[in-house]
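**Student:** Protein chains in written order, with our numbering: chain A, 1 to 114; chain B, 115 to 623.
Calculated directly from the structure, the hints in this document are not laboratory data.
On a predicted model such as this, the values are computed, not experimentally measured, just so you know.
Glycine included, each C-beta is placed from N, C-alpha and C at the ideal position.
Some hints could be false.
[Claimed, not checked] DEER-style ranges, computed between Cβ atoms:
hint: 1; chain 1: A; residue 1: E85; chain 2: B; residue 2: G249; range: 35 to 41 Å
hint: 2; chain 1: B; residue 1: S200; chain 2: A; residue 2: L62; range: 37 to 43 Å
hint: 3; chain 1: B; residue 1: G336; chain 2: A; residue 2: D60; range: 39 to 45 Å
hint: 4; chain 1: A; residue 1: E63; chain 2: B; residue 2: E479; range: 52 to 58 Å
hint: 5; chain 1: B; residue 1: E478; chain 2: A; residue 2: R69; range: 51 to 57 Å
hint: 6; chain 1: B; residue 1: K333; chain 2: A; residue 2: D23; range: 48 to 54 Å
hint: 7; chain 1: A; residue 1: H64; chain 2: B; residue 2: G286; range: 21 to 27 Å
[As the list claims (entries may be wrong)] Here are a few chain B residues that sit away from chain A, every Cβ distance over 10 Å (derived from the structure):
hint: 8; residue: T229
hint: 9; residue: G296
hint: 10; residue: G419
hint: 11; residue: G442
[Claimed, not checked] Chain B side only, calculated, beta carbon under 10 Å to chain A, not exhaustive:
hint: 12; residue: V219
hint: 13; residue: I226
hint: 14; residue: F238
hint: 15; residue: N561
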Amino acid sequence: MSAKSARRPRTPSKARATADFFDLRLYVAGQTTRSLAALANLQKICDEHLEGRYRIEVIDLLEHPQLARGDQILALPTLVRKLPEPIRKLVGDLHDTERALIGLDLRPRAPGKS
Amino acid sequence: MSPRPAPRPVLVHSVPKSPTGIQGLDEITGGGLPRGRPTLICGGPGCGKTILSMMFLMNGARQFDEPGVFLSFEETVEALTLNFASLGFDPRPLLTRKKLSLDYVRVVPDEILETGAYDLDGLFIRLGHAIDSIGAKRVVLDTIEALFSGLSQTGLLRAELRRLFNWLSAKGVTAIVTGERGEDGLTRHGLEEYITDCVILLDHRVKEQNATRRLRVVKYRGSTHGTNESPFFIDESGISVLPITSLGLQHRIFTGRLSTGVPDLDTMLGGKGYFRGSSILVSGGAGTGKTSLAGYFADAACRRGESALYFAFEESAAQIVRNLRSIGLDLEPWLRKGLLQVHAARPTTSGLEGHLSAMHRLIEETRPRVVVVDPISNLISVGTSVEVKAMLARLIDFQKVRQVTSLFTSLTIETPEGTDIGISSFMDTWLVLGNIEANGERTRTLNVLKSRGMPHSNQVREFVLTGHGLKLLDVVRHQGRVLVGSERAFHVGDGSVAARSTGRRSPRR
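One chain only, chain B, in its complex shape:
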């Protein structure tokens, strides 16, 4: 289990809440669902309604000592048990300990014939019996609209549903009622008319073959709530919601430092390198040396005996190793030793949520001290920038809590400062790589745009990739111009211009 962010202080005038225990959802709702009231969760088929409801019950039973009743109108008890198991949770012990009750209400239209006046007391008695026999505090009705397929008197049915929700409130149970997304309204049969305390909409959309799930709190009476759409993902440990605005800032701060792998760069960063547990962004155009910096960073970790995890979204592991060898870096031994793991995947192989959950899982499994994501800009191809931003926020949060130092590269097409994902605010250190064209040659540059909490150089340096590693040279000014490349070598060489400080020189390649 991943450590959860500390609960936020609850406003005094806010309605009492029942925590869902679902990461992210309790943050958006300011503490959970309205206690003792029904909540409507709606969305199209396969949007995750049932899984969210199950999580609400199993977390209730396991973490908050609130027994729960799951009344399904769609799946048999056996199917429900399997579904729970798919979330890594065997409901049977809780069933025997009377912390959970599963029941299947079968509505077969062909079997039912209406012959006169009736009400839904049978359902009330059945549900009431289930609630009373385990002292349930939570109830899920999934999906009660199935009743409309079996009973034709919709007017009567509506009145009975209204009575049911009032009755649930009177019993003081916190309920989730699920509903299928309708053509005109939020649900097919307008359940939102009766459930007015809290309505949550789930969405599962496929855009250019990539599926993304989103969650939105449509309304929440008597409480403030996030109104944005939040991406969420489902994996074998259930649902995680990624609130776009809630990068948890409660993690501990580390003052330890670690080398960038490039001595000259360590010097620019107060002589000691990055902060441990910080996040670093390396942005720049094509061929500016992003992967080289990332490679040296991973290498430095392995040299310290720390494990490194490298997510490659552009090149294969073999390609990265081969290319880095040309600048005097051999990662092969670390790969063989298992200190370095390269996980290469095409961004389009799965949706954003898929990538994020795969990354979470690998980080959990391999417990690296440093992580490289190269490049994050490629993930834009599978999501909008807002989603990528949310995903990164969650990933960074996740890593900071684990004291993992992470380096992200980002390919920028135009101005380096215009990192279009808008992620720089999550980053503690931001290195900008550039490419100056002058006198018929291109020269790489590097500068530290920001580095929180440490003195750092504000100079633009010439960034040289040599056969024996990465070097940073002081730039040379002559008659108000920055001299680079051979022009620089010429001026420095004939002594007519003094370098602003004695930078290390190395032969250019």
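Chain A on its own, in the form it takes in the complex:
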């Protein structure tokens, strides 16, 4: 990760180019109501705000428990924004759209929060 960010030139235009693409990973445990709700909420946000510049990967930890380690997953569902950097983690079923948009940096953060 650090190697990647070191390679990237710190010019505004280039930074914006990479910042455009959203690589998203949604961790769930089985096809529960909550998992499905999280996926539906995520899909909706992406359709409305990220059309054509996102990728969603759904990981079911019941099938791949060893993957919980890599992204330090504790709570489920968890959405991990792999790109653009920095990595962000959104915990919960994304029912609170406002907070989800803030978490994904698609809305400016409330004053007081950097």
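Model the placement of chain B on the given structure of chain A, informed by the hints.
**Tutor:** Chain B only, in chain A's frame:
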């Protein structure tokens, strides 16, 4: 590894237990932690929670064939590996043999944003995977309260923790959950509400610049347990708990005898001296000859070709050698030969646990046949009498198992019998030195207050330090008074009073 005391018989109605393999802790808990249940270990920062938990896992994997999972919320796997190594234990072979699993759960508050309903299934799956992949029987969660820093919905978190502990019980693993000491309760987030089977409190307090560690079993459902605070210490071989009441009495008994270094004293002790492997207390006021007796005892061992270890808590080695030379004893040759080692330290240089672990280590390294601690009363300055007592109990136990004969001197300020450390019950032989003042002079006396398992003299003798050694003279009675010093010499000399027996006489200094 030091030999462990034989396990105590387990009560029939007691809950099944998982031994920790930690010396002392299994004695206090009557066999270990509740098997298949979570135990809460709490205490302030640096109290030893993590080390105790690690010992539980490594002993489990090595001694009891119970693989273990260590899930840390505070330290990376690399840091954990180093910590294990600091206990003289390389976890890597056990990791490759799948007897141990280390994992670091990183909780970074700034990275997490809550956006709706969730549960902790991720943690469950992760832990479950670790347990299943090595068939773990033991689990450590250190310190799970870190979750509270990353997730704000405390109500939900509490419900999930309750579910986690139930789930661990259902899986049948014996778990240690650590918690930081809180202001109001035992832990900051009240984990003691959920873990009710066994709660152990660790404490690290500093009193007059000296640190002491203590351990207490707060509760243990379905089992009797020691409720006292027990001192414990941490050194490079891990944790040792010193149960105050559990002086192991299972060591073998020795009937061999060894000289006290003073022929007259050997005579008082059934003609043969101390029992090998016994513990001897020499108590008395200032200047009554305690160090002299200790010196002759060490000298006698060296003369037999046995090694002696002398812990000096009052004087330097050079000082002791110089002073003993004035009573006809030269320890210098033994020091040069390496038969005698003097380890001098100020009591205040470290806490009690530090002294005890240093003493253990030196005894392990040098394997002496006799040990002198001169004086133990100085150790009181670094601990309360209860701690000193516990420390001595452990030290004596340790030495008896090794067949080491140990002599302790103790400075008593008032009555000789009032040895304020209350340690005389651990001692097999107790010599009391006194100082009688009569007719403008002081005369030293010695008597054997007790000496288990041997006939011994009950007389008070006059104890004389001469240029050629230590002598014990029979006391002389005249008109109902004990005559000592020059008065005695006068009466014995003019023949008006007969000595009660023909004691050896020597010129007084």
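**Student:** Tell me, in ascending order, the numbers of any earlier hints that this structure violates.
**Tutor:** Per hint list: 5, 8, 15 violated.
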